[in-house]
Amino acid sequence: MSYPRTRPRRIRQRPFSRRLTEETALASSDLIWPVFVHDGSGTIDVASMPGVQRLDLDHLRRAAVRCADLGNPAL
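Numbering follows the working numbering, in which position 64 of the sequence shown is assigned residue number 64; successive positions increment by one, without gaps.
A few of these clues could be false.
What follows is a set of in silico ranges between Cβ atoms, one per label pair, in the way DEER data are often shown [as the list claims (entries may be wrong)]:
id, residue 1, residue 2, range
1, T21, Q53, 39 to 49 Å
2, D39, S17, 44 to 54 Å
3, D69, E22, 40 to 50 Å
Hint data in this document are derived by calculation from the structure and do not stem from the laboratory. For glycine and all other residues, C-beta sits at the position ideal for the given N, C-alpha and C.
Using the sequences and the accompanying hints, generate a full structural model.
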């Protein structure tokens, strides 16, 4: 006798349950791009996070366009 003799599929009966138990697939549409905004002009480096900057409104607009071009749905 091989194990398991029966394969219960109770978990996968409903579409909602199947989505919860299916393999994880990550796409750019699942991501949120974090941005830091400040009053004023130009960009300011965030000292505790190398490579991250606080953006003014002009730079934020450019970042939003780039975000949309990359397929990210949210900032």
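The hints, checked one at a time:
no. : hint                  : in the structure
1   : T21 x Q53: 39 to 49 Å : 40 Å, holds
2   : D39 x S17: 44 to 54 Å : 48 Å, holds
3   : D69 x E22: 40 to 50 Å : 29 Å, violated
Consistency with the previously given hints fails for number 3 only.
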